[in-house]
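Engineer: Can you build the whole structure from these sequences, using the hints too?
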Amino acid sequence: MTTANALDTTIAVVTPENISFEYQLAGPFRRLPAYLIDVATRWAVILSIGLFLMLMGAFTGFSSIGPFLLATGFVVYFVISWFYGTFLETYFNGRTVGKWACGLRVICVDGRPIDGTQAVLRNLVRVADIAPYAALTSFIEDVGPMFWVPTGMIGFVSVICTKRMQRLGDLAAGTMVVVDEKSWRLPVTKIEDPRVPALASYIPGDYRITRSMARTLAVYCERRAYLTPARRREIAMHLTTPLIKKFEFRPDVDPDLLMVALYHATFLADVRVESASLGSLGGASPLLRDTQRAPAAGNAADPTTGSLLDHQTPVVATVVSDAEEIMPLVNMVNKEVNER
Amino acid sequence: MNIAMILEKRQQQWVELEQFCDDLELTGKNRKTGAAGISRFATLYRAACADLALSDAYQLPPATVTYLHRLVARAHNRLYRASRIDPTTWADTLLRKAPQQIFADPCVRVASLLFFGLFTLAAFLGANDQWFPDFVSQLVGQAQLDQLEAMYDQPVSGSLDHYITMAGFYIMHNTGIGLKCFSFGILIIPCLFELVFNAVSLGAMFGYMARESSSGGDNFLHFVTAHGPFELTAIALAGGAGLRFGIGLFHTNGLTRRHSLRESARRAVPIMAASAALFFLAAFTEGFISPSPLPYIFKATWAILSAALISFYFVVLGFPNDQRQVERRDAESVLDPLAEQWDVINAT
Chain A
1 MTTANALDTT IAVVTPENIS FEYQLAGPFR RLPAYLIDVA TRWAVILSIG
51 LFLMLMGAFT GFSSIGPFLL ATGFVVYFVI SWFYGTFLET YFNGRTVGKW
101 ACGLRVICVD GRPIDGTQAV LRNLVRVADI APYAALTSFI EDVGPMFWVP
151 TGMIGFVSVI CTKRMQRLGD LAAGTMVVVD EKSWRLPVTK IEDPRVPALA
201 SYIPGDYRIT RSMARTLAVY CERRAYLTPA RRREIAMHLT TPLIKKFEFR
251 PDVDPDLLMV ALYHATFLAD VRVESASLGS LGGASPLLRD TQRAPAAGNA
301 ADPTTGSLLD HQTPVVATVV SDAEEIMPLV NMVNKEVNER
Chain B
341 MNIAMILEKR QQQWVELEQF CDDLELTGKN RKTGAAGISR FATLYRAACA
391 DLALSDAYQL PPATVTYLHR LVARAHNRLY RASRIDPTTW ADTLLRKAPQ
441 QIFADPCVRV ASLLFFGLFT LAAFLGANDQ WFPDFVSQLV GQAQLDQLEA
491 MYDQPVSGSL DHYITMAGFY IMHNTGIGLK CFSFGILIIP CLFELVFNAV
541 SLGAMFGYMA RESSSGGDNF LHFVTAHGPF ELTAIALAGG AGLRFGIGLF
591 HTNGLTRRHS LRESARRAVP IMAASAALFF LAAFTEGFIS PSPLPYIFKA
641 TWAILSAALI SFYFVVLGFP NDQRQVERRD AESVLDPLAE QWDVINAT
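Order-wise, the sequence lines are chains A and B. With the numbering used here, the residue at position 204 of the first sequence is 204, and numbering never jumps. With the second sequence counted from 1, adding 340 to any position gets you the numbering used here.
Hint data in this document are derived by calculation from the structure and do not stem from the laboratory. Every value quoted in this text rests on a predicted model; they were computed, and no experiment measured them. It is possible that some hints are incorrect.
Here are the simulated lysine-lysine pairs, DSBU-like style, with alpha carbons at most 30 Å apart [to be verified]:
#1 K245/A / K190/A
#2 K190/A / K335/A
#3 K349/B / K190/A
#4 K163/A / K349/B
#5 K190/A / K246/A
#6 K163/A / K335/A
A short list of chain B residues far from chain A (calculated; beta carbon distances all over 12 Å) [said to hold, decoys possible]:
#7 I378
#8 F464
#9 M491
#10 N514
By construction, the Cβ of each residue, glycine as well, lies at the ideal position given by its N, Cα and C atoms.
Structural biologist: Printed below as a string of structure tokens:
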């Protein structure tokens, strides 16, 4: 069972384990290089077998065994040119040499592996997919450059017009081509800035982070590495301004820092540890009621004091991930703001 | 429990599962650990599935969820593998499914009628040199006709070397045309064009060579008689298979267009398999018997026998013998694994 997203190129598959996971569909420009590699491989195999047969004929005396070799050559050419993809896709679990090189795989539209009949069908119908063979220029002289490469137009149009990016062969066989990448790193979370746990310890204990808020925080922290500090503050401000009021923090707390601190409190902090070691930041409190006291208690000469409010030093935190942008960040933050 | 601890705990198993995926990449066999490894792999896969299912409850970060999607997809592809082509089912496809399908399929009837009707018509027009003297030369061109006549000027004879090579060539060339005709069936019009073009040009040439005035007519008949039944039927069948394939696009039987196309493609495959088998038989006949200097009576007998064989195949094997029994057998073969599963569930 699958459901396709209207605007995305991912497709959800429900497995026998009753789990729904997502595949990324392969578009025409991922599939073209794979196909070209396949064409090259096919010809390389045919030519090497042909060369082998010729050498065999030359060594054994061409006159007696020649016709057999020639007939074998014809049959080999026929079988390889028509059934190359069929054989590889059934034997190597939906992959040809080109698909293997480009990280693609053919599967059923319902997520199961393909069977023999499907492999036969989708590879036979390729003939119809790469039609028309002849360029329009061979009939009419004066046509624009966009008509110079007409082959594969039927398959191309079919791929861009169908929801699962299927060419005609895929439609007939009920298959689709998905991206099956080899390496995919687990996202690494590293927050080294000492100000983050310090600020996190001031977040009231009764503040509950909702599910969508957790998602927004995670996406923000994954994406913030690609933004300038000014832009980070600008985006984060929408969400943090009401929070600063709610937490009774000083209004000049860095919004970006607060977002990272919330992320830390949600995903990383160990709740059993009562309070983080505040170190030299111990005196610096972001609370509004401490505003009057802070300068008196703190040491003005200590450079780290008051750094919670420092808008100039960027927060050092990395959340590295390979994930593509799941949802435009700004939209997500605004949606979260509206929900409150 | 917080996310960092959950991730730390689960990560070891995920990495282990990734390593298993790498090992199982090509053949589905784990050379290092064997059966125990497969069992361990399945356990890890189920655990990863469970993690993915609970990812929302754990409030895992989206990037981790994406990672889990990829991991589960990868493991899924290693666990459920494409079934290899099983040659033991070919006999069933060729001897049971194909004739049943051909006998019952209106598309095959239409294609055969079209092909043989146009073939006969073109042959008649081509043979009649009083009413339509220029029909053939206008259709296929005078140059090709001269070439055809020159080819059959000499009585047919050949050596063994020649036979083998030609058999190989005919397998490649003619079966290729049949397969092309089938796959163009999805666009219907190119398939029909191929079918009609072959019918008319072959018919016209047959008719032309049958004229009293044309030279080499006897040699031509000597050559084409033996493989005619196989080859002409194969072309008609390929067209029929293509038509059955393409007709699913608009004759949907209440299915969605997509499902209907898929269904009709599945039904067309046995017909195409039968057609390819006939092309192979035709190629061997054309390679070994047709160019040989055997007496004409032998070749004519061969043609009659092959026609009888085809009729037996279509009618006797294809006659709908108790349709319900066949359907039940098909249904049972689908339900067998389910029944086994049910027994297992009941037993435990």
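Engineer: Indicate, hint by hint, whether the structure satisfies it.
Structural biologist: Here's how the hints hold up against the structure:
Of the pairs offered as hints, the one joining K245/A and K190/A holds, with about 28 Å between alpha carbons and a cut-off of 30 Å not exceeded. A threshold of 30 Å between alpha carbons decides the hint, and for K190/A with K335/A the separation of about 27 Å falls inside it, so the pair holds. For the given pair, K349/B sits about 17 Å from K190/A by alpha-carbon distance, which is consistent with the 30 Å threshold. For the given pair, K163/A sits about 39 Å from K349/B by alpha-carbon distance, which is inconsistent with the 30 Å threshold.
The hinted pair formed by K190/A and K246/A meets the criterion: a straight-line CA distance of about 28 Å does not exceed 30 Å. Proposed proximity of K163/A and K335/A is supported: the alpha carbons are some 28 Å apart, at most 30 Å. Residue placement check: I378/B keeps its beta carbon more than 12 Å from all beta carbons of chain A (closest about 15 Å). No Cβ of chain A comes within 12 Å of the Cβ of F464/B; the nearest lies about 33 Å off, and the non-interface call holds.
Distance to chain A confirms M491/B as a non-interface residue, since its nearest Cβ pair spans about 20 Å, more than 12 Å. The claim that N514/B is not at the interface with chain A is violated, since a C-beta of that chain comes within 12 Å of its own (minimum 10 Å).
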